[in-house]
Structures are given as structure tokens and as C-alpha cells.
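Following the hints, position chain B against chain A.
Protein chains in written order, with this note's numbering: chain A, -1 to 353; chain B, -1 to 353.
What you were told as hints is all true, and nothing was included just to trick you.
A pair holds if it fits inside one copy or across any two, identical chains being indistinguishable in the list.
With a straight-line cut-off of 27 Å between C-alpha atoms, the simulated BS3-like cross-links for lysine-lysine are:
1) 319 / 286
2) 268 / 36
3) 0 / 185
4) 36 / 143
5) 286 / 174
6) 240 / 36
7) 268 / 319
8) 15 / 144
9) 144 / 36
10) 143 / 19
11) 15 / 268
12) 19 / 111
13) 143 / 83
14) 19 / 268
15) 83 / 36
16) 83 / 317
17) 240 / 111
18) 36 / 152
19) 15 / 152
20) 341 / 286
21) 297 / 341
22) 182 / 99
23) 174 / 111
Honestly, the hints are just simulated from the structure, not real lab data.
Protein chains: 2
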Amino acid sequence: MKLSQIGELPLLEQIRKRFEKHSSHVLIGIGDDAAVIKPANEKLVVTTDMMVEGIHFNLRFMTPYQLGFKLVSVNVSDIYAMGGKPKFILLNIAMNKTTDKTVFDSFLDGIHKAMNLYGLFLVGGDISASHEGISVSATVIGYAKKYVKRSGAKIGDRIYVTGTLGDSSCGLEILKRLSYKSRKMVKDIVLLGDGEGAKRRNGEKKKSPSLRLSDSPGLLLEWNDVEPLLMRHLMPVARDPKTFSRNATSMIDISDGLLIDLSRLCDESKVGARIYIENIPLSSELKKVSSYLGISPIKLALSGGEDYELLSTVPAGKKIKATYIGDITESERVIVDSLKREKTFIAEGYQHFGI
Amino acid sequence: MKLSQIGELPLLEQIRKRFEKHSSHVLIGIGDDAAVIKPANEKLVVTTDMMVEGIHFNLRFMTPYQLGFKLVSVNVSDIYAMGGKPKFILLNIAMNKTTDKTVFDSFLDGIHKAMNLYGLFLVGGDISASHEGISVSATVIGYAKKYVKRSGAKIGDRIYVTGTLGDSSCGLEILKRLSYKSRKMVKDIVLLGDGEGAKRRNGEKKKSPSLRLSDSPGLLLEWNDVEPLLMRHLMPVARDPKTFSRNATSMIDISDGLLIDLSRLCDESKVGARIYIENIPLSSELKKVSSYLGISPIKLALSGGEDYELLSTVPAGKKIKATYIGDITESERVIVDSLKREKTFIAEGYQHFGI
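Extracted from the complex, chain A is given alone in its bound form:
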């Protein structure tokens, strides 16, 4: 059934019923002109981010479910990057009126899954017809006792990143280059439903398919290598820094690429940075698959973007549970390779409106 056969008000009513979860913080939830939230003693942390079809995502590669999940994650990632705890979410959804209701429902399923993961309450939103394609945005509001700015890095601090870098952009590269048949196979397994199909299916079938690239048909990619890369791109989970944010002097999430986001942190802190290539955390899957794809894993890790890992600086004496990748210096911006050769880096990563 198409959205036009249902109409805005019944859709809003469905959302309202589905997300009408009571929080002691929420005095008025969805369904009035605006939401009302109880005063709290902590500071308020607020962010907003949007995702536009054909720009941020392509529904040939991604399900509406994953879109919903990712929209929440990218916003939560910004709250975490300030040292905040995400609490409330507002959504804006624009879809063409010929969109099938299952797309709308699947998108909400993904939103819901992520909301439960991060402990969020839906307090508002707007739905609209769109002229073409899907355009969605979310605003997330959270609390923080102490917050961590981009501008607090001090000379001598150590630079850390969570997780591994480059996996997401490698996952996107795979999705773009899969053969028609392999993409269909991936869709059947991982792109449909709740993204957990792979595990269930693998469990049932006791086998993992091999995948082919359209431009190198002779090459077989193994499912177990590919899956974590795809999932990091399709359904990134934001990193909660609660165990280490009290030690961080500055923090930013890596959304546009390590170099561009590190440059931002340095700009705001008015410092330099020295990064050791050998220290950059790379997953074994990235190393393996990127060589098949003929792309340098380091290039993906430095400027691939969409990692949604946290980059933070910590005074030299303190340690955090993340990977030490370099040091804050006075003004240089240098990458050091395994042979101790130095190379200056500039902000490099994704920009909208790029030529």
C-alpha cells in the first residue's frame, strides 16, 4: 500500500501509538504542538543531522531499516562526542507519496531499534510528502554533567581513537562494486530486515556465500571478511565514551575522515598533531579486503569517513581504553610512516557541494 492511500494523520497516529513510551522526564510527548520536558540539573546537549537520498545514501545499497538505524546513530555519535548522554529524539521524514508503506514501516523499525539501543524517547517530529526521494533528519537532545569540547587539546596530550578506522568506507566501496548477482545475494542476507539476518541465515544454512566484484569477476570475497565492513557502513553503532570522557581534554567524532576531523580539533584547540601511521588501528578484514579492491587501507582509514569512532586527546600520564595514534604538538601537522619519514597532512575528507 502506498503512503497516499493511508494519509498523513493515520501515519502520525501510528507513530504516536508506537512510540508512546513513558519517561519520567517527558511531561508531554508526541501529539501536542510541542513536547515538554522536565527541568534537569544537568547541562543540555543538542545536535541535528540529516540524510538525503542520492547524497548520503542509496537505497540500492541500503535498506530503509538501516537508514533509520544510521540516522539515529550519527546524531547520537555527536552527543557522545561532547561527553553527553542522549535522551530525546525528534524526527523529520519526507517521502514521496508513492512510497510503499513497508518502506516507511521498515524505516521506523530501524529508528526504533536504535532508540532502544541508546535509550532514547521520541518527543516530536514532522512528516511530509517529498517531490522526489527520501530526506530525513533527526535532532537529539541529551544531558551532560561535564562536557568535552573540540578546543581543549594541549601540547603534549596523546591522541586516541576508538575502534578501527576505514571499515565503513571500505564497506561502501564493496557495495558499489559488487556484481549484480552478489549484490542481490547480500541484499537477501544482510540488507533485508533487521540487519541480523546474516547471523540467523548463516546459522540455518551453515554456509557463508562468497561474493564477486563486477570489475574483477575472477576474485572471490569471503563473507566473513566482508560482513563486518558492510555492517559498519550500514548500521554503525556510536561509541559511548563514558568510561574515558572524564580524562579527555578534547573530543570529536570521526564522520568526515580522520584527517579532516583531526584538523578541526587542531584548529579549535590551536595546536598541531603528529600521527604515526603504524599506530592507526586497522581491522584484519579491512586489510584483507582493501587489497582485493586495490585500495590502500591507510587511505581509507585516514580520509574515508563515516567511521563514527571517537577521536580524543588525553594528558600524557593518563591512559584510556582506545588506541594511541599520535601526539598533540605545537603547530606542525605531520604523518610519520614506519620508516620515520614525515609528511604534512591537510584536512582531507568528504565535503558537501564539492566540485
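Leaving out everything else, chain B in the frame of chain A:
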């Protein structure tokens, strides 16, 4: 110059510089991962609304300046409708990369004008390329000591509306039906710049143009009649209920039309309503122009939408500075005409995804 010749980061930097206004409430404004706002003793009121090109607006009829102004107003209207004071705004802007920079600037000018009018601070946002057309949304956060729900109306309460109804939808109807030459004339006067061109130009030229409709070329519409209707559609100013919200038992803003929004209020309050057609406030301009257009002014006032006036209910003994249009009853939903004939009404007004 096109947005693609400038790039995302310089655009963000321009926004940051322009809106970097300090508020004692804002600890971290735009430029970090998320904004940080000081705790306050009052309740938090939050809303979000979007406007999509080809759905909510048409740039043949409206300038980017007016779009920016209206986007802020429609969100502020929701905060006012809860009895809140708007304080902070976040923006999402998606524009095609071939969009001219003047469009972007003019949109921000309109946002800025409205922000100053309502006393708002920009604390966050996101800009993105779009595939086609402009799509914008805003989230507004405010404070409230006491808030007014839709659900508080009691049997015997009186129903009030602010301002006059139907002007905005009549303005839109005029814009749609103007002859090519007259639309160009309107654009030159009122649709360009800050929307205040009309007054200046009139002052300079000491004349007001007459306008023609494409479907009734023999008919002349007088500028002084048309202007307030156009302006109510293009640059609505949200109504601040601070002088009367303490007396209101329920409140909603009229965005989709009096009947649909009154029905929402009745649904939430589990009551009925009896409306007196004779009491519905109509502007003299609406009465005059709607007769030229061959549309019932009452129809526009009852279900035209986009009025952004406030509909509220008040106990019978109390008076507020607004127009009394009817009474809250047990369960009937009735419109009474000047001959005391009664007609049942149903929720009627604009719905997205309508067939």
C-alpha cells in the same frame, strides 16, 4: 556564484561567524559536535517542522528570504501554542549544489530577521547537497513555567482565536492565479529582498499597482487589499500568547485549518464544540478579495490553513484579548450560521500524502 564553487566548510564558517552571538544560556554554540546549554529551572519545550520545495512552498511565489522567515515562524508558533518562550534554534538546509549563493544568503537573511524578531539563538545545524530542490527544517527549543496542552478544554469553556482567519490561504490563492505580468510586478515589489520593499517602494513612488488575475483579466485587484493577504502567507508572524496563556485551559496553533485543528483539540480534550460562523474573525481585505476570486471567505477561514493564529479555550468567566468564536460542549461538533441553522463539521484541512 554556485554553492559548488564555495564548498561546505566555507559555508559553515560563514554561518558560524554570522550567528556567533553570545547568550548567557549557551555554553557551546555552533562549531562543535553538539551545542551545550546551561541547565534552567523552567521546563523545556521542543518542536520541529520542515518545509519541502514543491510541497510546502514554490519559489515562483516566494523568495528564499521569506522561506527562511516562515520556517522560523512556523516552529515558533508551535512553541507559543504550548505557552512557551522560544530560545534556541537548529537548522537543516539541503540545497542543490548548482543553487546560487544569493539564494543561500537570502534564506539566511530571512532566518536571521525572524530570529531577531523572536529572540532566538542558533545553536546547531547541518547543511547538505540535495538531489533536487530545497528542503529545510528547524528545531526550536524554548522554556515554559506553565504549559498549555491541547487536552485541557472543559465543557462550558469559551473558544477564542487570535487575529483573523483565512488571510494566508487567500494570499496563496492570489499568488497562484495572478497573471504573468502581475506576478512579475508583485515579485518586484514584495517578493524581493526583505519583504519590506513594498512600503519603501510605495513611499518612493507614491503609487500602488493594481493586479490582474490570469483567469479574470478584466478584474483589477487593489494593492492595498492584496498586500496584507500576501504577507500573511509569505511571512506569517507567530502569535505570542503571553498575555493570556495563564487563562487558557487548552491551546493549539492553526496550521492546517480551523476545523481540523479544533477537531484535534476536541479529540485530545474529549469534548465537543459549537462554532458561530458570524463570530469568525475575517479581515476586510479577505472579504473583498475572496469575492473577486469567487471563493467563500468562510471556507478559507474554516479550512484554508497556514493561519498560524492561536486557538484557545478559556473558562466562561474569564476574558482574553482574542475573538470569541464558540463554546466547548459535551460531544457535538457543530457550526451555527447566522440563521441559527446547525451543521455538523468534520476535521477538514490540509493533509500530506492526500490522494
